[in-house]
Each structure stands twice: as C-alpha cells, then as structure tokens.
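Novice: All chains, full assembly: derive it from the sequences and hints.
Order-wise, the sequence lines are chains A and B.
With the first letter of the first sequence counted as 1, position 21 gets the number 21 in our numbering; the numbers rise by one all the way through.
With the first letter of the second sequence counted as 1, position 268 gets the number 268 in our numbering; the numbers rise by one all the way through.
Read the hints as simulated data drawn from the structure, not as lab findings.
Treat each hint with caution, since some may be false.
Unchecked claim - Partial selection, computed: residues in chain A whose CB lies under 7 angstroms from chain B: (1) R19; (2) D20; (3) S23; (4) S38; (5) T40; (6) T44; (7) R57; (8) V72; (9) V82; (10) W84; (11) P93; (12) T94; (13) I95; (14) P98.
Said to hold, decoys possible - Simulated DEER-style distance windows between Cβ atoms: (15) G92(A) x G73(B): 18 to 26 angstroms; (16) E47(A) x G21(B): 35 to 43 angstroms; (17) G92(A) x V476(B): 48 to 56 angstroms; (18) S507(B) x E37(A): 28 to 36 angstroms; (19) G92(A) x S6(B): 37 to 45 angstroms; (20) T35(A) x R538(B): 53 to 61 angstroms; (21) T35(A) x L174(B): 49 to 57 angstroms; (22) R57(A) x V476(B): 35 to 43 angstroms; (23) E47(A) x G540(B): 51 to 59 angstroms; (24) D399(B) x E37(A): 37 to 45 angstroms.
Idealized CB from N, CA, C, for every residue including glycine.
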Amino acid sequence: MMKKPDPDAPVILTANRLRDGVSVWLSKTGGWQETPESATTARTPSERTELCSIAERSVENQKVIGPYLMPVSGKIGHARFVSWRERIRAEGPTIRLPSDRAEIWKE
Amino acid sequence: MYSYDSIDRKIVSERIAQFRGQVERRLAGDLTEDEFRPLRLMNGLYLQLHAYMLRVAIPYGTLSSKQMRALAGISRKFDKGYGHFTTRQNIQFNWPKLEDTPDILADLAKVDMHAIQTSGNCIRNITTDPLAGVAADELEDPRPWAEIIRQWSTFHPEFSFLPRKFKIALTGALEDRAAIRFHDIGLQIRKNEEGDIGFEVFVGGGQGRTPVIAKSIRSFLPEGDLLPYLEAILRVYNLQGRRDNLYKARIKILLDAMGPEAFTAAVEKEWQTTRDHTPNLPNEEILRIKAAFSPPKYERPAPSAKSDDALRRDGVPEGFFNWRRWNCIAHRERGYRAVIISLKPPGGIPGDASARQMEIIASLADSFSFGEIRVTHEQNLVLTDVRELDLYPLWKLLDAAGLGTGNASLATDIIACPGLDYCNLANARSIPISQQISERLTEEKLHLTGPFSIKISGCINACGHHHVADIGILGVDKKGEELYQIMLGGNPGNNAAIASILGPAISSDKVVESVESIIDTYLANRQTKETFSQTLGRLGTEIFREALYECH
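Specialist: In structure tokens:
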C-alpha cells in the first residue's frame, strides 16, 4: 500500500529495486534511477495518479518493491528534501563507512 | 564450543535450498512481495532504508576464529567490507543483494552458521553472558543450556508463529551481564539448598515502547524440567497473547493483563498437566552438549606477567595500563584474563568492524585465546582466555588495528542502534550522536568518571537500549527535525531499573553538551565511590534537569 502524502505537496516516486534493494526514483525518462536529481515531479492529482499506476506496473514486473510518493519542497539541493529520512535515503548514511577508513589501520 | 553434527548441517543445507528456490521464484515473478516477505524474513533478510540487510545469527554470541574469517570474507565478497555487531549478539550486513543472499547463506553454512531465528515471530537467537564459562563470579556455565534451548527452539513447530517475537536470555553468574530482566524469558542459574542446579525464571521483561522489568515467576526450577517449563510458558502465551494488536502482542503485555499470580498459576497448571507428556532431554544428551563446552587446556601454572614497574622500564605506554584497567576482566583461571575488544574508538561507529579488523581479531583469537571470540550485547567483542603474560603483546597488535581503545564500561562505551543512517523504522540518527559524544569526552574525564553508560536509540523500539542506561538518549522526529529525549537512571543488571525522562526533547546540536553537563554535575556532587545511579537516587533528578536545560 502506498502512503498518502500531503495532497498539496509536489511528489516524486521512489521505491527499492527488487534485485538489490537499492533506493531508486522514477526519472523523467521513465526509468528507475539511483538518484532523485532527475526524478519526475507530480504536482496535480492526475499526475499523481499516473505515478501510482507506474508504481503498480513496476511492482508487477518485479522491478521494484515498496513504492511510495515522496513529498519534495520544490527547492533545489538538500532543501529539496522535506525530512531527514528522505535526504539520508537519497544521499546515503551521513557517516563514513568503516571500510572507507581501512587505510589508517596499517593493512 | 559446540560443533554442528550431521543433523544440524542437514537442517541448514535444506533451508538454504528451500530459500534459493523461493528467491528464484520471487525474481521470476512467481511469488509476490506479500508472499515472499515472510519467507525472506524467516531467513534474516530485511529491507532497510538504502538496501536489504541480512542479520546473521551468532548463537549466544559465540564465534570461532574460522567463523569470524568467514564473516569477513562475506562482507568483502557480497557487501561493503564491514559488519555491524548488534545488541542481540548477532552481526548485520547492510548492503547485500537479494539475488546473492542464497550464496551468502551457503558460505555461512560452510562454517556452521545461518540467519535462522533472526527475524519473525519466533524464538529469536538465545543470548547469554559474554563471559560465560570464564567469569570469576559464575555458578555454572550457561552455554550448554543456551545451546539446548537453541536446538529445542529451532523450527519448533508449535512456536514458529507466536503472537510476536520472543527473546530468551540466561546467565550463570552473580552479576547479570545478559540483561535477563529485559527479556521475554530470563533464566538465572541458581543452586538450591541440596546443591542441585536449576533456574530462577523471569518472565515478561522487555524494552521497546513499553519497557517492563521481568517478574520472577519461579525461584527454582530443576534443570531437568527446563524445556517442559519453557513449553508451558510459551503455550500460555501462544494461546492467550494478543494477536489483534501488534503493540500489545508481547508476553509482557499478557503478563500485565493477567497479573503475575494468575499468569504464574496458568503456567504451573499447564506444566503440571503436560510435563509427563512433554519429551524431555535425555541426561546423556545433556552431558554430550556440556562436554562441548569443556574448558580449554589452560597452562597450569600460567607464566607470570612482568610487574608494572618492569613494563614501564621497558617503555610500555600508559595507554596499555588504561586499557588493561578497563578492558581486562577477572578470570576464573589463575594467570588469565578475559579481554574486551572495544569497537568504540573515539569517533567510531559502535559495533562496526571492517573485514580487515575481523580477520585480525580472528588471528589474535588463534594466537592468544584458543581461537574463540564472543560478541557482547554492548556491541564489543571478547577474547575470553588470554594469559596475563600476553596482554601487552596483544594490546600492541589490537592498537595497531584501531582496536586498542581502553574504554570498556566507560562513558564512551556507547550502545547505539543503526538509527536513521540505515534503519527504516528510525526517526532520528543515533550513530553521529554517539560519535560526537565519544570525541567530546576526554580520557581524563572518562577515567575520573569511571563506569558510566550512555545508550542511544533512534526510535521508540529501543534497539539501542536507551531505557537501561545511566543516560538514555531517544531520537524523535518533530516535523522532520531530529530531536532527542534525555533520560536518566536505567540499569540492565541485577538492580534493574527503567530510566526516567528528564523533560522536553532537545535539538541534536545540544545533546553532546547536555550529556557532558550531566556528567559534570555527577562528578561535582558524588560522594566517595558513589555510582551515578546512587548519586541520582540520593539527589533526585532536579539537579540534573537544571544542568540539562541550562545548556539551552
């Protein structure tokens, strides 16, 4: 079931890719991409309905799981995200991963 | 440690073949996500914020060096080169692909590991004292009983679809290092007046949104009756637990609703009715499993370590002595210590270890500790059997690998859940708060403060154990902003207590100075050798509340 966002907020469509679980966003060209930068934005009820239809088809075709409409602010950069959750989901953990630090451990 | 027999291996290999087929059917579209989700969860595979997450079971937190190397290998081959040791004594990989998961499970099976009982409404991985078998204050080694419960509970047909997940912890020591009073069932090994071994049985503890301290429902259960009695408890829960409401489905809610007396009476009645019909473990099987946990061949007498004066003359740095003070624990065998390997360096991620570090730890376990490693619920590792003579050479090697931090039980030995950096359920980040605190508190202050616990959860589910810390920190979301509630006075051990919230949540940029302010208030007001909880009990919360909100 898709969560229903604020009906007045612009939204983009996001999900996780079935094969590897990676977060993906529906791009303006209709494909699923690993960044929200070129995501297609729905601003009207009919545009939202269209995104929901695409989400259902992508689920049926085993491309993605857990799709939902993600509100965005209409601004650019970090300001685009209306919550920390969505920003972190798009940009990755805010911490350096341990394997990145391996060089300091005298391998 | 216990080694799989042919039955264990058959069970695991059949399970992998089954899951491989399920993944293939899912990718081919023959299973929907709704159909597949419970199947992947039964194999420890969750979907998190950025990717799938695989939780691997480490039964009662015990690993061989060979298993540790296999975990390192899996993290390199299938993940991003690190693993996260959890508060359930398990390990999680944060970036596996669904299509790789059957191969990961096959690699785990090669070293007798799996991801069974790490998710779902079943009896989860059994946890125990990380010092089991070596603790100086231990009555009896709880690991054979943990293994017996593991074997009994794995795929138990009656208890595979409980109202909710079910956690069992046990300890054989005087000091509870397994938080048994915060589990669905907690077992404390006791000896009765006749000298027989048995268990005190605690039921209905837990953390999460409704923290509860377990009630003792039986002061002494003969060891031979353990499995029938556990079955009686689970049967009462299975029949009467709330399946209609996810938030009221744990046994703690049932026990509270029935009342401890009525609940206990129901369990005792069930036990008396069924105990003669419940298959129990033959004594020879108990002895077989106990034999698997025989002590290693200690050197007797163990060679003496150099005196501190001699070590200092040799130029041994103070860092070693600090580390030895906090991280080396009394051992039942003369001349040996249990060594806690801190996974909490300043600015580090609690519980994380890189593949290289895991391999180094495996090698050190082989060289210094009979090839065995334990995982603690504080998200550290333990080498249980190190000669005192070897402590300095061991520390040098650990330190070179970023693993020589001497802060076990100190304020930077922080428990933190993955939080919003990884977790789909989280409301706020935990790890960056932990990193900031561990960078802020100086060594001088840590040593002055002494044992002190800080625990951080990114949501009300309390995976970071914030209810049972001297300072508990709970992340909350307020209109997209991360705020943190500060609470004081929790305790996971013998004097179990649930922390109390000090007041309104504070912003993330105020947490670190607030924590330091609370510690400073404690240092300024404590009496000689008074612990934080004792000072808090004597002075009350107001003085700490003032210290907290003065920062704002």
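Novice: Can you name, in rising order, the numbers of the hints this structure does not satisfy?
Specialist: 4, 5, 6, 7, 8 and 17
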